[in-house]
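> Those sequence lines, one after another, are chains B and H. Under the numbering used here, the residues of the first sequence are numbered 385 to 902, in order. Under the numbering used here, the residues of the second sequence are numbered 385 to 902, in order.
These aren't lab readings, by the way, just hints derived from the structure by calculation. Please read all numbers here as calculations on a predicted model, not as lab measurements. Be aware that one or more of the hints could be misleading.
Identical chains share a label here; the pair holds if one copy fits it or two copies do between them.
Stated by the list, open to error - Heads up, simulated SDA-like pairs for lysine to any residue below, C-alpha to C-alpha not over 25 Å straight-line:
#1 K899 to G812
#2 K597 to G865
#3 K647 to D419
#4 K647 to L491
#5 K647 to S627
#6 K899 to Q859
#7 K899 to G692
#8 K899 to I680
#9 K899 to D419
#10 K584 to A700
#11 K786 to Q859
Below are the chains, spelled out letter by letter.
2 protein chains.
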Amino acid sequence: MNGAHALLATLEANDVDVCFANPGTSEMHFVAALDDAPAMRGILCLFEGVATGAADGYARVTGTPAATLLHLGPGLANGWANLHNARRARVPLLNIVGDHATYHAHLDAPLQSNVQLLADTLEGWYCRTTSSDDLAADAARAVQAAFGPPGRVATLVLPADVSWGDVGTVPSRWPRATRPAPLAIDEPTFERAIAALRSKRCALFLGGGALTKEQTSLAQRVASATSSRLLMETFATKMDRGSGVASPERLIYLSEFAVDQLKESEVIVLVGSTEPVGFFAYPNVPSRLVPEGCEIIQLAPPGSDTLGALEALVEALHAPAVALERGERTAPPSGELTTQSFAAAVGATLPAGVIVADESNTSSVHLFGATRFAPEHQWMTLTGGAIGFGLPVALGAAVASKRRVLALESDGSMMYTLQALWTMAREGLDVTVVGLSNRSYAILNMELTRVGASRDGGASARLLDLDDPTLDLSQLALAQGVPSVRATSADELVVALERSYATPGPMFIEAVLPKGLH
Amino acid sequence: MNGAHALLATLEANDVDVCFANPGTSEMHFVAALDDAPAMRGILCLFEGVATGAADGYARVTGTPAATLLHLGPGLANGWANLHNARRARVPLLNIVGDHATYHAHLDAPLQSNVQLLADTLEGWYCRTTSSDDLAADAARAVQAAFGPPGRVATLVLPADVSWGDVGTVPSRWPRATRPAPLAIDEPTFERAIAALRSKRCALFLGGGALTKEQTSLAQRVASATSSRLLMETFATKMDRGSGVASPERLIYLSEFAVDQLKESEVIVLVGSTEPVGFFAYPNVPSRLVPEGCEIIQLAPPGSDTLGALEALVEALHAPAVALERGERTAPPSGELTTQSFAAAVGATLPAGVIVADESNTSSVHLFGATRFAPEHQWMTLTGGAIGFGLPVALGAAVASKRRVLALESDGSMMYTLQALWTMAREGLDVTVVGLSNRSYAILNMELTRVGASRDGGASARLLDLDDPTLDLSQLALAQGVPSVRATSADELVVALERSYATPGPMFIEAVLPKGLH
Chain B
385 MNGAHALLAT
395 LEANDVDVCF
405 ANPGTSEMHF
415 VAALDDAPAM
425 RGILCLFEGV
435 ATGAADGYAR
445 VTGTPAATLL
455 HLGPGLANGW
465 ANLHNARRAR
475 VPLLNIVGDH
485 ATYHAHLDAP
495 LQSNVQLLAD
505 TLEGWYCRTT
515 SSDDLAADAA
525 RAVQAAFGPP
535 GRVATLVLPA
545 DVSWGDVGTV
555 PSRWPRATRP
565 APLAIDEPTF
575 ERAIAALRSK
585 RCALFLGGGA
595 LTKEQTSLAQ
605 RVASATSSRL
615 LMETFATKMD
625 RGSGVASPER
635 LIYLSEFAVD
645 QLKESEVIVL
655 VGSTEPVGFF
665 AYPNVPSRLV
675 PEGCEIIQLA
685 PPGSDTLGAL
695 EALVEALHAP
705 AVALERGERT
715 APPSGELTTQ
725 SFAAAVGATL
735 PAGVIVADES
745 NTSSVHLFGA
755 TRFAPEHQWM
765 TLTGGAIGFG
775 LPVALGAAVA
785 SKRRVLALES
795 DGSMMYTLQA
805 LWTMAREGLD
815 VTVVGLSNRS
825 YAILNMELTR
835 VGASRDGGAS
845 ARLLDLDDPT
855 LDLSQLALAQ
865 GVPSVRATSA
875 DELVVALERS
885 YATPGPMFIE
895 AVLPKGLH
Chain H
385 MNGAHALLAT
395 LEANDVDVCF
405 ANPGTSEMHF
415 VAALDDAPAM
425 RGILCLFEGV
435 ATGAADGYAR
445 VTGTPAATLL
455 HLGPGLANGW
465 ANLHNARRAR
475 VPLLNIVGDH
485 ATYHAHLDAP
495 LQSNVQLLAD
505 TLEGWYCRTT
515 SSDDLAADAA
525 RAVQAAFGPP
535 GRVATLVLPA
545 DVSWGDVGTV
555 PSRWPRATRP
565 APLAIDEPTF
575 ERAIAALRSK
585 RCALFLGGGA
595 LTKEQTSLAQ
605 RVASATSSRL
615 LMETFATKMD
625 RGSGVASPER
635 LIYLSEFAVD
645 QLKESEVIVL
655 VGSTEPVGFF
665 AYPNVPSRLV
675 PEGCEIIQLA
685 PPGSDTLGAL
695 EALVEALHAP
705 AVALERGERT
715 APPSGELTTQ
725 SFAAAVGATL
735 PAGVIVADES
745 NTSSVHLFGA
755 TRFAPEHQWM
765 TLTGGAIGFG
775 LPVALGAAVA
785 SKRRVLALES
795 DGSMMYTLQA
805 LWTMAREGLD
815 VTVVGLSNRS
825 YAILNMELTR
835 VGASRDGGAS
845 ARLLDLDDPT
855 LDLSQLALAQ
865 GVPSVRATSA
875 DELVVALERS
885 YATPGPMFIE
895 AVLPKGLH
């Protein structure tokens with residue numbers, strides 16, 4: 385038995401049974417060992433950013449880590465952007481990074497780089513195993529570290545000779561990580577929160593793991609009982625939504641509006657989230673969003689027992705049950721395809737149980753409203769701001785679940801990790817991808833104005849325009865084996881969505897918007 | 385005048401007049417300032433790995449840095465793999481990385497990350513400007529640092545408020561870097577080299593900047609006069625080739641063959657290169673390629689005066705002129721498309737002056753032989769082993785030069801940075817791309833065997849197979865605006881290549897090989 389076999393056996397023993405892989409030469413023994421690890425599902429990705437984003441999506445759905453298999457420093461770097469998003473989503477994730485043999489590293493061969501320093505930038509957990517005999521224990525520690533709490537990116541570096549080397553003593557039982565309990569709530573902080581909720585103008589601010597329907601329902605009871613506002617972070621890792629599910633008010637992305645949203649609050653009680661801050665700085669707009677003098681109470685930090693905290697609040701405040709709002713879903717739209725009718729088409733057709741991966745950016749403005757009373761579903765967003773998360777996260781969510789996944793992409797963002805489409809086709813995953821074509825970086829056109837820059841010249845405009853030449857999004861999908869259709873009206877989009885939901889496997893729908901629309 | 389204006393003025397004053405850009409919100413003032421910087425050519429890339437690879441290609445052709453424009457940590461990370469290749473190519477390159485405003489960084493907003501640590505992994509030069517007044521001086525220092533010698537990756541971090549902030553005092557003259565002279569040759573080392581060449585079985589081993597036709601010709605005189613072997617590194621940054629150009633023997637990629645190539649040498653004299661080592665480690669194959677006891681003389685390290693060293697060797701050894709071999713180019717092949725007939729088709733059609741960016745990997749084995757007597761051309765290869773260099777480097781080379789560029793890609797490697805095709809179309813660049821389709825990671829199938837792993841199972845085979853579904857390479861190009869054609873025989877490939885060379889603008893040729901062929 386070699387190191388790779390021991391590693392795979394340990395992963396299987398820890399229920400890590402999916403590996404999103406983009407292997408190279410130094411990972412060949414790991415790849416070969418997959419033939420003897422039937423419980424591990426190896427899924428080939430054609431670019432590492434697809435593999436890491438897929439592991440993020442998998443973890444968002446299951447709460448447990450998938451493995452990635454990456455090739456030395458460049459592989460880790462190619463996967464870094466979506467690992468950044470996973471870090472911000474605080475999900476457990478396990479990178480296996482193949483590296484040069486231990487005795488080869490000092491030779492500074494072409495692929496040599498400082499993998500440890502690169503991994504350190506992810507602010508998670510890192511270990512480079514140097515002996516085949518240590519591999520099982522290190523792998524179990526990696527899984528443990530990935531769980532946190534809160535979840536984090538664990539990176540296990542696997543030198544080639546550690547992978548191919550013989551394991552001296554095969555243990556009778558492979559080491560196992562234990563899934564940790566969430567962190568306990570601090571009692572004095574809880575008392576402060578209770579006092580504030582009873583006497584001050586409060587906002588209960590939810591994020592992270594606190595956006596399940598059970599918890600938002602509890603939070604709504606607390607808010608009703610104390611006349612507090614119920615808010616949530618702008619970019620949720622995963623939230624339950626739909627008719628009959630509580631719907632906290634989402635913090636607005638644009639700082640000036642967010643400041644306005646929060647300006648009446650004397651106290652903000654955080655549950656599962658950190659203090660909200662501006663996504664970017666802008667001239668003459670504050671970076672901190674909470675008003676001057678507003679007290680921040682960090683009741684339940686990320687990784688803590690948010691459910692317990694909310695239950696305890698309900699109990700302490702004797703907060704009565706509240707009726708959760710139900711409503712009719714949006715009617716199917718007709719006519720021109722706009723961001724409004726796009727949102728309405730999604731809302732009108734969304735089947736129960738769908739998982740949405742939303743990277744529609746400027747096209748997303750109307751989506752939350754239009755899907756408010758759709759059947760129950762889950763929504764995942766771009767937690768770390770690193771573009772290119774949508775397709776890979778949708779891929780990983782589909783691997784993790786039997787449920788249909790709806791990926792909402794824009795042309796600009798789709799181009800970062802479009803290779804995910806091929807893996808969706810290969811694995812026959814039930815993913816509906818809507819590719820919104822507005823032929824521009826519409827969000828940047830908006831930002832160019834917002835930062836106070838002038839827009840009168842051709843050079844700057846050309847850096848934000850995607851229309852020369854026009855990207856044929858549906859052809860990009862077809863070329864990777866995903867059936868594609870183009871919708872140029874709201875009616876066509878409704879039909880395409882309905883057909884896609886009724887058809888097993890992936891489907892790509894290009895939604896052609898007026899140019900530059902946002 | 386704001387910081388962005390001062391930065392652009394300084395870049396223009398330093399003849400940095402191309403910027404491969406993938407901007408975001410924090411770079412909007414830089415983008416807006418392009419309207420007032422007519423000498424700067426902003427070129428939009430749809431993924432950062434395209435931008436950095438293009439800057440590498442630009443530098444390989446011109447010897448001077450292009451700028452990139454990247455968006456915070458994720459932008460730098462997405463560009464990292466091709467920056468690694470540029471680092472190994474030792475070319476000058478200037479990253480401009482937009483970042484949060486100085487006062488915003490401590491808030492840990494979603495896009496916050498440790499950009500300095502990330503840049504440190506590139507082992508080049510780093511500066512984060514904190515005042516608009518410092519920006520011009522820092523930019524000039526960055527250009528200076530990029531030049532080396534040897535060339536390196538310089539990263540200038542541009543916080544948003546430094547970009548939008550007013551410059552207090554506008555200098556009458558923008559600061560300028562001076563292009564440095566190459567490092568001097570060490571005299572005692574030169575004497576050792578002379579003595580060795582006169583008395584020992586020597587190999588003259590060329591690399592880096594020493595592969596110009598002038599220098600290889602001098603090196604061939606030295607080799608002939610001393611009965612030494614003339615070798616070159618496996619992966620050249622750029623080399624002159626063709627009929628009438630000296631042709632050093634290329635070190636073989638596979639370590640066991642390279643060891644055999646070097647085994648007779650008592651002394652290896654390095655010119656422009658470092659000691660050759662195994663690209664990867666393999667069980668039971670040495671990682672150092674030079675024989676036990678072989679003396680290594682580092683005559684002219686990377687960044688030093690390799691031309692001067694070779695001229696001095698010729699003079700000291702009174703090495704007579706030698707006739708440079710001329711020959712007939714390969715005849716056009718016919719019949720089945722194989723790696724042999726592919727190579728012959730390239731050799732039979734290559735016009736004079738073409739710049740080749742070669743990432744054809746397993747399909748490249750016969751290329752050097754088949755193009756040996758083609759008209760004079762230049763050849764660029766994958767210096768750092770990070771896949772996805774070919775299309776971006778070809779793009780950058782075409783921007784840098786009026787000459788036709790030929791990019792040789794494989795299906796596996798093409799998928800890493802295929803977004804480069806769109807920019808080729810947008811800029812109307814004279815690039816011929818041959819996409820070799822063998823529907824597998826053929827190099828990994830070879831490596832799987834080489835590392836001693838078994839191949840009898842389905843799980844491992846599936847991680848190396850690209851044929852389910854088949855990627856339609858020409859459709860991927862067409863969808864991005866590049867005219868495409870498919871060649872299924874050697875005859876069709878010859879016709880397609882000839883047509884492409886005669887047609888302005890980019891063209892994509894899918895060369896369909898038998899599956900898995902290498």
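> Run every hint past the structure and note whether it holds.
Evaluated hints:
Taking the shortest alpha-carbon separations for K899 and G812, only the inter-copy value of 22 Å comes in at or below 25 Å, while the best intra-copy value is 32 Å. Taking the closest pair of Cα atoms, K597 and G865 never come within 25 Å of each other, the shortest separation being 37 Å inside a single copy and 46 Å across copies. In this assembly of identical chains, the alpha carbons of K647 and D419 never lie at most 25 Å apart, being 59 Å within a copy and 38 Å across copies at closest. Taking the shortest Cα distances, K647 and L491 sit within 25 Å of each other only across copies (19 Å), while inside one copy they are farther apart (59 Å).
In this homomeric assembly, K647 and S627 never come within 25 Å of each other (Cα to Cα): the closest approach is 29 Å inside a single copy and 75 Å across copies. Both within a single protomer and between protomers do K899 and Q859 lie at most 25 Å apart by alpha-carbon distance, with minima of 19 Å and 23 Å respectively. Neither within a single protomer nor between protomers do K899 and G692 lie at most 25 Å apart by alpha-carbon distance, with minima of 48 Å and 57 Å respectively. Taking the shortest Cα distances, K899 and I680 never come within 25 Å of each other, neither inside one copy (43 Å) nor across copies (62 Å).
Proximity of K899 to D419 under the C-alpha cut-off of 25 Å is restricted to the inter-copy arrangement: shortest distance 22 Å between copies versus 50 Å within a copy. In this assembly of identical chains, K584 and A700 lie within 25 Å of each other by CA distance solely inside one copy; the values are 16 Å within and 90 Å between copies. In the homo-oligomer, the alpha carbons of K786 and Q859 never lie at most 25 Å apart, since the shortest distance is 27 Å inside one protomer and 31 Å across protomers.
The structure fails to meet hints 2, 3, 5, 7, 8 and 11 from the earlier list, while all remaining hints are met.
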